[in-house]
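Numbered according to my numbering, the sequence shown spans residues 3 to 478.
Calculated from the structure, these hints are not laboratory results.
Keep in mind that a hint or two might mislead.
What the hints assert, rightly or not - Below, computed lysine-lysine pairings styled on DSS-like, alpha-carbon distance capped at 25 Å:
hint, residue 1, residue 2
1, K218, K145
2, K93, K145
3, K53, K77
4, K93, K47
5, K218, K448
None of the values given here were measured: they were computed from a predicted structure.
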Amino acid sequence: MENNDEIKIDLRSMVFDILKNLVIIIMVSMLAALAAHLVIKSTHKPTYKSKLSYVVVSTDTSVINNKDTQNRIVKVFQEVLESSLLRSSIKESLGYQDGENFTAEISTEIVQNTNINGVDENGNIIIVTVSDSDPLEAYYAAKALMSNCGTASDYINKNAILTVLEKPAIPSADSNAVNYIKTDILVFAAAFVVLCAIAGFISVKRDSIRNAEEIKEKLGSKLLASIPDVSMKGRKKAKRNLLVTDKHTGFYYIENIKKIRSKIELLKPEDQGMCIAVSSVSSGEGRSTIAANLALSIAMHKNKVLLVDMDFKNPSLHKILGYDGTIPSFSKFLEGEGTLTETTRSVENIKVLFQENAVNNSSEVIDSKNMKTFFSYVKEQYDYIIIDTSPISASADMEVLAEIIDYAVLVVKQDTAPSADINEAIDMLERNKCELIGCVFNGDTKSAKESSYGYGYYGRYSGYGNYSNYSHRDHK
3 MENNDEIKID LRSMVFDILK NLVIIIMVSM LAALAAHLVI KSTHKPTYKS
53 KLSYVVVSTD TSVINNKDTQ NRIVKVFQEV LESSLLRSSI KESLGYQDGE
103 NFTAEISTEI VQNTNINGVD ENGNIIIVTV SDSDPLEAYY AAKALMSNCG
153 TASDYINKNA ILTVLEKPAI PSADSNAVNY IKTDILVFAA AFVVLCAIAG
203 FISVKRDSIR NAEEIKEKLG SKLLASIPDV SMKGRKKAKR NLLVTDKHTG
253 FYYIENIKKI RSKIELLKPE DQGMCIAVSS VSSGEGRSTI AANLALSIAM
303 HKNKVLLVDM DFKNPSLHKI LGYDGTIPSF SKFLEGEGTL TETTRSVENI
353 KVLFQENAVN NSSEVIDSKN MKTFFSYVKE QYDYIIIDTS PISASADMEV
403 LAEIIDYAVL VVKQDTAPSA DINEAIDMLE RNKCELIGCV FNGDTKSAKE
453 SSYGYGYYGR YSGYGNYSNY SHRDHK
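Based on the provided sequences and hints, a complete structural model is requested.
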């Protein structure tokens, strides 16, 4: 086992993780866009603007020729139009009582020598804008302003004339309108990018086994084979499981099972059978399918092989092998029901001990005297005994079994179990003097194109219960 604290960015795995969560990312992004839409719509205050324009024309030639004087006159008019006195006059004209809130806003802008309504004006233009949340209020306020400032020029400068160029009109559109489609798209895009970045960050920080090379780098273990990840849709439709004896199974998959077989055969003792537990840290890593195919492949070399379903939490070998007959449980045999011959079934070219139902006191069953006697017997009768176990994280079964058997194979599915948990499982095997032959890297997306089909039946583990409530019985 090796510890490696250095974080490496595997771009391919990171993109794969993002794509794996793409549906969730899109849904959350859509929810973010919808929430933003509702918030903006509920808080948005429309603004309607009614505009009128004045031109300030000087009748005195000296003023006309003096730009500074002309500008000063225009600015005085601008101050009058924005004054509180004129605002009070407008309120009175509109019938507002003392204390009533007059919400209209008045603003002015000076524009020189501007073409308005097709007329080139020689003087300075003052554009007045009256804004309100109600279009009619804006319009009436603009009209009242025009009425109340008609004589303003007489009090400011008798040589300057304030003339209306453009009368106000009722505004038809919100000048502060929100483009909801554009906003929704922007919020969706921003949420999508942020969520993809978060998914990528989590992918980088999650310390799992992402490729076959990391079996050695992070676990310090031997790589037995790299099994490709491919779809099971075609097989489910045809009601076929992934078995090396099936002619439809991909060549690359079969060859990698043979690799595992070859490395195991080199370790077999000459004087007795070899007991090998096929295990994994988590559920859904393809452990049971690998165990079944390993047994079938070894038997092709004229070996006597016994496959034992010791996944006492969620037995599934009968489903993987497609066995439709009566299923006597291996655990019942250990409790004294029936003989080994009556309990054993023949499937393809191997013998199988199935398990029909889950067992509550599985650790006690494994640690029983009958179990030890069983292994001593079958080692004399078979060349290889392949054992499908419960996931190491699901129960203490594998830890108990490791004290009885001599060899184990660990199935590691790509980007599933944390490296720390796998290393802990390897340490557990070492403590119990159970030799780890190596790891099988399962679900390799990099080599998926080389195989036609995916991984058979994966059991789902849930609700194992509280082990303190199990019934513990002695086994003779």
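For each hint, the structure was consulted:
Proposed proximity of K218 and K145 is contradicted: the alpha carbons are some 84 Å apart, above 25 Å. The straight-line distance between the Cα atoms of K93 and K145 is roughly 12 Å, inside the 25 Å bound, and the hint therefore holds. Between K53 and K77 the alpha-carbon distance is near 18 Å, which keeps this suggested pair within the 25 Å criterion. About 22 Å separates the Cα atoms of K93 and K47, which keeps this hinted pair within 25 Å; it holds.
Our distance criterion of 25 Å between C-alpha atoms is met by K218 and K448, whose separation comes to about 17 Å.
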